[in-house]
Amino acid sequence: MTQLTTAAPASTTLDPITTEVLWTRLISVVDEAALTLHRVSFSTVVRESHDYSCMLLDPKGQAVAQATRSIPSFIGTLPMSVRAFLKRYPGGTLKPGDVLISNDPWIGTGHLPDLTVAAPVFHNGVLVGMAGVVAHMADIGGRRRAPDNRDIYEEGLQIPILKLYEASQPNETLFSIIRQNVRVADEVTGDIHAMVGACERIQTGVDRLLNEYGMSDISDITTAIVSLTEQGMRRAITAIPDGVYKSVTHIDTFDTNRPLTIVCEITIDGDQIFVDFDGSSPQNDFPLNSVLGYTQAYSIYAIKCLLQPDIANNEGGSIPITITAPDGSFLNPRYPAAVEARASVGHYCTSAIFNTLAKAIPDRVPAESGIPLHGFALSGHQDGRPFSTIFFFNGGQGARPTSDGLSTLSFPTNVSTTPIELLERTLPIRITEKSYLPDSSGAGQFKGGMGQRVALEVTGDDPVYAVLLSQRLKYPPLGRQGGENGSLEQIILNGENVEANKPFRLTPGDVLILDLPGGGGYGSPATS
Amino acid sequence: MSQPSCRLSIDVGGTFTDVVLLDEVSGEIRFAKVSSTPSDPSEGSLNAAETILLAHGAAAESVSDLIHATTVATNAVLEADGACTGLITTRGFRDTLEMRREGRYDIYDLNIQAPPPLVPRERRMEIDERITFDGEVLTPLNDDQIIAVITDLVDTHKIDALAICLLHGYAHPGHEMRVADIAARHFPDLTVSVSHDVAGEIREFERVSTTVVDAYVKPLAQRYITRLAGGLRAMKMPRDPAIMLSHGGVGPAEEVVQRFPVRMIESGPAAGAIAAAYFARNALSQPHAIAFDMGGTTAKMSVIQDGEPTVANEYEVGHAHRFKPGSGYPLQISAIELLEIGAGGGSIAYVNDLGLLKVGPRSAGAVPGPACYGRGGELPTVTDADLILGYLDAGYFLGGDMNLDVNLARQAIQTHLAEPLNMSVEQAAHGVHEVVNEHMAAATRAHAAEKGIDLRHFAMIAFGGAGPVHADGLVRTLGLSQVLYPFGAGVASAIGCLSAPAAVDLVGPYFSPLGSVNWNTVKDEFARMHANGEGILSSIAAPGSNIMKRSADMRCKGQGYSVTVAIPDDAALGDSLVGTLRGAFTTAYGAVHGHKPPDVPLEIVALRARIENPRPDNDLLLKNAPTEAGNVLKGKRRMYFNATEGYIDTPVYDRYALTNGAEFNGPAIIEERETSILIGPDMRFWVDEFANVIAESTKGGGA
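Chains as they are written, first to last, in my numbering: chain C, 41 to 568; chain Y, 1285 to 1987.
One thing to keep in mind: the hints can contain errors.
[To be verified] Below, simulated BS3-like cross-link-like pairs (lysine-lysine); rule was C-alpha separation at most 30 Å, straight line:
(1) Y:Lys1841 - Y:Lys1735
(2) Y:Lys1833 - Y:Lys1807
(3) Y:Lys1920 - C:Lys203
(4) C:Lys203 - C:Lys100
(5) Y:Lys1880 - C:Lys135
(6) C:Lys203 - Y:Lys1841
(7) Y:Lys1608 - Y:Lys1735
Note that these hints are calculated values from the structure, not bench results.
Next up, chain C with everything else stripped away, as it sits in the complex (with noise of 0.2 Å):
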């Protein structure tokens, strides 16, 4: 449920010149932030994934402006923290130099690496908005990855929303129980200090632009944004044939006896849209688990693909899109569910608005792509040191209605691959094949994009444990209008073919190959 209510459309003070030249400085403002998040960070899943967001959000908590590289996670979710931030740290009791934090999956991103961070900004004296910041740590303790973890005790170090900083004064305490409950202790804290500086950077941002256009705050330029978008997003809503459309979208997970299905029900009213996941399965005691933030940002995410692309993310798009999940389900778990591989269930939300919405408007829906996210989470140890991270590799897109699906390309989330030289340079692994899988697209009159194979061969003594996050062993990327599916994932260890049900002891000589699906097609092959 989108939680944040509007007054009807305010109309705006400020004409569409001011407006379209303050909105342009807003996200070059946190464009700025990010651009500098990238550049420090240490992990190598926020700086080479981009797998982190930056954003202006009001003294309220509405997303004003975000960066223009984040993720789709990010959508809606930040905001939701930064509401419980202020909740738990009203606005008007905090202090320059105040920075909260927290990992809560719940309020937030959905699992425990992400961190959130968030910091008041001041002009005058007066608090005008806040900074926030999430990015992905490359450890937050616990058994990480581990798809039989069955509570969130197991899955790292939980941070209630406290402050990190309280008037520029760090929480010596809080710094260390981190360090001390992380495997790359340097890494994290580096990490978090960068995000620290991309809020102070957002803060120096807001507070030069209210000087130099003399305004005392943001909060008609706020109205503008989140009003026009709002009223966009709803033309945009009006123009899909009302009705009631429905689909059914299966998922198999790391037991693939076990399926997971979405019931996906969508209601085109005028100028709103009702999502009901209501029938899907129940939450599962493995942390295949979606937390309702993370549900909504992916459903609202292929929304906005689909009917508003072009305007940048705030929270006007989503407040004519009404999300709910049925409590307890697992795209609405209960605390304290597993979590940590939402990812691979979450991102089928997006497969499942696409599968519904495609009954509504087919020519404008692409075929399915080659989700989830897949790839290695690796720990073990190297020179004597722990050592534990996380990489990615893609499937292939959806066809789209107009074009072929491009191959081995990142979806619903952005996730680059990390270069082969690097990862055998810093890790005990070795990568002999990393190709396309040229029978893997499904056909149709536009073909799905290629998945791919990825071999991977331990090198040092010790043994490495793999954690694969995979799926689509058993439910192919689905083709559209008379497409072809695309193929299924394969996991092979030493030939055979094996379930990703719990981490691999890998030793010298073992060879762990992972086959990504291709897109499925879009129109009938006899077409093309």
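Since chain C is already given, all that's left is putting chain Y on it; use the hints.
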């Protein structure tokens, strides 16, 4: 034979080829323009050289050197007109080129396209071989297999060019060299590009991308340079031609196209940035500037710091989506950083779905062009807005060669902007001017943030057809205090060629914690690069006359991004350098990131050397202040600067009549043939001894 006494530079553009002749004795420079000859650009270049020599009675024998900039390599990529290229990779990695990094350059656009791979899959061949990152040969080469693979590429696929890129070849090039050697021996007609020679840096996708672009442009670049050099020799030009490289130095053209023609990418714009740097050093009180070149479809920015353009060790060319980073072919080359923005005089303004005014990146181009050109364009552009606001003279566009129709401009803005926005034509036109300026400012600000630059200490140097019209607004938004409008801006790239040193940039692999550097290895690596660089430059710079600027790429252990740190010229390579490097790293890191690096061990991840033949600036004292007699003040025109005042009578000055020391207050327009300089209210301007116009805020300092 007369003593060599003049220097010649040629900049080959899409439409015109600019040529500049510098008399080294008097310091005078002469300009000329001839039509370009895209089918064989060497024809236009030779024609340009002949034209200017003839016009000024100079003998070819008197030309001490000829430097030139060309789009031949860039165009081959942009127009998909390069060689039929084959690629050899390590077994298991032939698709690296096409897989790219698997990220999306726009997350909301479901219809993004990737640039097509320059080598399709059927021409990407794998061979059995593997060297580890630390140099151990796991799988040795099989010569017969290599011969068979190349034979297949040549016989079946008819390739003209071959790219070779093997895993970890940047550090251990043995296998790559062997494959190249076999190719050269068995297939002497093939041009060959090898990754460690062309790029030489870690990251297999970026390196193979660079190597393939190199191979793709090589036959064309070689043909062009061979013809040009032959033609110049036939004219009895005593020296071999030199070419502007992406990094802003010049190299011997024939050697460059033999070794790494990819380094000629964006040679023209690089020359423009070098010209801006020259103007910054010679005409500004402090040599920090944003060079701003705004033309018909794009604006290009480069940063001049301490009188030099910033150079990065990466570049991207051939974008599938023209202004989206990440949508092109990445290149591991040292290149002047050029920020390209989809904003020019022809950029189309429109009202978006939300009812906001947007400008670009779609451009009306030259045909149909802005509405005011009267060539059938109906959509409002930046030029139309500038005309309505009075910044352009309908009767003196391109020196009067073209008439602009203000009524057509008003009609376009009325229909497409003013009506839907419910405002006056003037307000809408002023909005277009403001929005395009803010758009360019946002891009500039992001670029500055990446570089850790405080823009308030920077001036702007404006050129291009639309640059001087928009610089005034841009400096206000960015908070800069001074703008320089150089004389001779119309041939800036050709001027840049003359002021650039002969230089080559090389990179050497070296990985080590800073605490345990093997300095003998480092010494050997620099000595190797020095010898290599002197060899490359030998035809245009005498060996022994070059200096070497050394630097090291350093990073905090664990960080992926490195910072290039200069090694002082007089520093001995040894443990005494560790403290210096640590200090320099802290400074450079702080400049980029705004705070000190974390307290973790440092690593060296690469060594870099620039071998350079320095050219003192006083070689190039441009004396170019010939003024046309006549009235400084051409008249007055109504111009619109803000809604409060509306149109106000504003003086129009003649650039060619302004002389050293002239000084006036804004608002004003200074007209020249190719552009108009807009001087806003609260600005004053004066003319310096080199005929440059300099404008400054009367309010003192930046915003």
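Hints versus structure:
Using a Cα cut-off of 30 Å, the hinted pair Lys1841 of chain Y and Lys1735 of chain Y holds, with the two alpha carbons roughly 21 Å apart. Annotation: proposed proximity of Lys1833 of chain Y to Lys1807 of chain Y holds, straight-line Cα distance about 13 Å (limit 30 Å). Under the criterion of a C-alpha separation no larger than 30 Å, the hint pairing Lys1920 of chain Y with Lys203 of chain C is inconsistent with the structure, at around 63 Å. Between Lys203 of chain C and Lys100 of chain C, the direct Cα distance comes to roughly 18 Å. Compliance with the 30 Å bound is thereby established for this hinted pair.
Annotation: proposed proximity of Lys1880 of chain Y to Lys135 of chain C holds, straight-line Cα distance about 25 Å (limit 30 Å). Taken as a hint, the Lys203 of chain C and Lys1841 of chain Y pair is honoured in the structure, with Cα atoms around 29 Å apart against an allowance of 30 Å. Simply put, Lys1608 of chain Y and Lys1735 of chain Y have alpha-carbon atoms about 19 Å apart, close enough for the 30 Å limit, and the pair holds.
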